[in-house]
Amino acid sequence: MKLAHREFWFNPMIAFILGTGLAALALAVAGFQGTATVLCLAGGAVVYAIFEYLVHRFLLHRFPRIAPAMHRGHAEHHRHPTELEHLFSPIRYDAVLYLGYSLANLAIFRDWRLASAVVAGSALFQLYYQWMHYAAHRPIKLATPWGRWMRKKHLLHHYLDEQSWYGVSHPVMDYLFGTSKPQSKKGKDAGQKRA
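In terms of UniProt numbering, the sequence shown has 79 at position 79, counting the first letter as 1, and numbering is strictly consecutive.
Incorrect hints may have been included.
Unchecked claim - Have a look at the derived ranges for each label pair, beta carbon to beta carbon:
(1) K2 with R65: 22 to 32 Å
(2) P139 with A104: 14 to 24 Å
(3) K2 with E83: 28 to 38 Å
Unchecked claim - Calculated pairs, BS3-like style, for lysine-lysine (alpha carbon to alpha carbon, straight line, at most 27 Å):
(4) K141 with K181
(5) K153 with K141
(6) K141 with K2
(7) K181 with K152
(8) K2 with K152
(9) K141 with K152
(10) K153 with K2
(11) K153 with K181
Think of the hints as simulated: they come from the structure by calculation, not from any bench.
Glycine included, every Cβ here is placed at the ideal spot set by N, Cα and C.
Generate coordinates for the entire structure from the input sequences, incorporating the hints supplied.
Printed below as a string of structure tokens:
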């Protein structure tokens, strides 16, 4: 196994998300309800895809006082984007998030099988997100044009304009909310110089 892959898969936060996702998936499969389970899995992935953008844009950049410790950790990541210790958040954030998220889904669906499917979809999408983020900052040769394009977009967020390109795993929300191009004067000036 390559060092980069070991470094990723043996990170405690990744192990936690993987364990959460597999446990939730096992419950969803054990109580499989056909189309409803599949839709809940897909819905969980969509929820995380939206959550990724909203947290990154608003919690980590726009409103730092809401979660100051998370904001400080993210600021350190921007100062040291290639350092492994700043690529992953502490497990406590994800543990609290998944506990609350699981309880909320249980309250909404009143069915542990469907609630588990939603949680599994979110956790599995979060693994994809974490891999894309990790691969954007580490010396990994990405095999697909999609991976290379998303790396480029994320690095634009770091090195051209921190007020743009919030999506790490997908650009949909950036296109919907107009953050797929430079927002700040600094970013716009740099973009014009490159053209």
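Against the structure, the hints come out as follows:
no., hint, verdict
1, K2 with R65: 22 to 32 Å, "violated (40 Å)"
2, P139 with A104: 14 to 24 Å, "violated (39 Å)"
3, K2 with E83: 28 to 38 Å, "violated (19 Å)"
4, K141 with K181, "holds (25 Å)"
5, K153 with K141, "holds (16 Å)"
6, K141 with K2, "holds (12 Å)"
7, K181 with K152, "holds (13 Å)"
8, K2 with K152, "holds (23 Å)"
9, K141 with K152, "holds (13 Å)"
10, K153 with K2, "holds (25 Å)"
11, K153 with K181, "holds (10 Å)"
The structure shown violates the earlier hints numbered 1, 2, 3.
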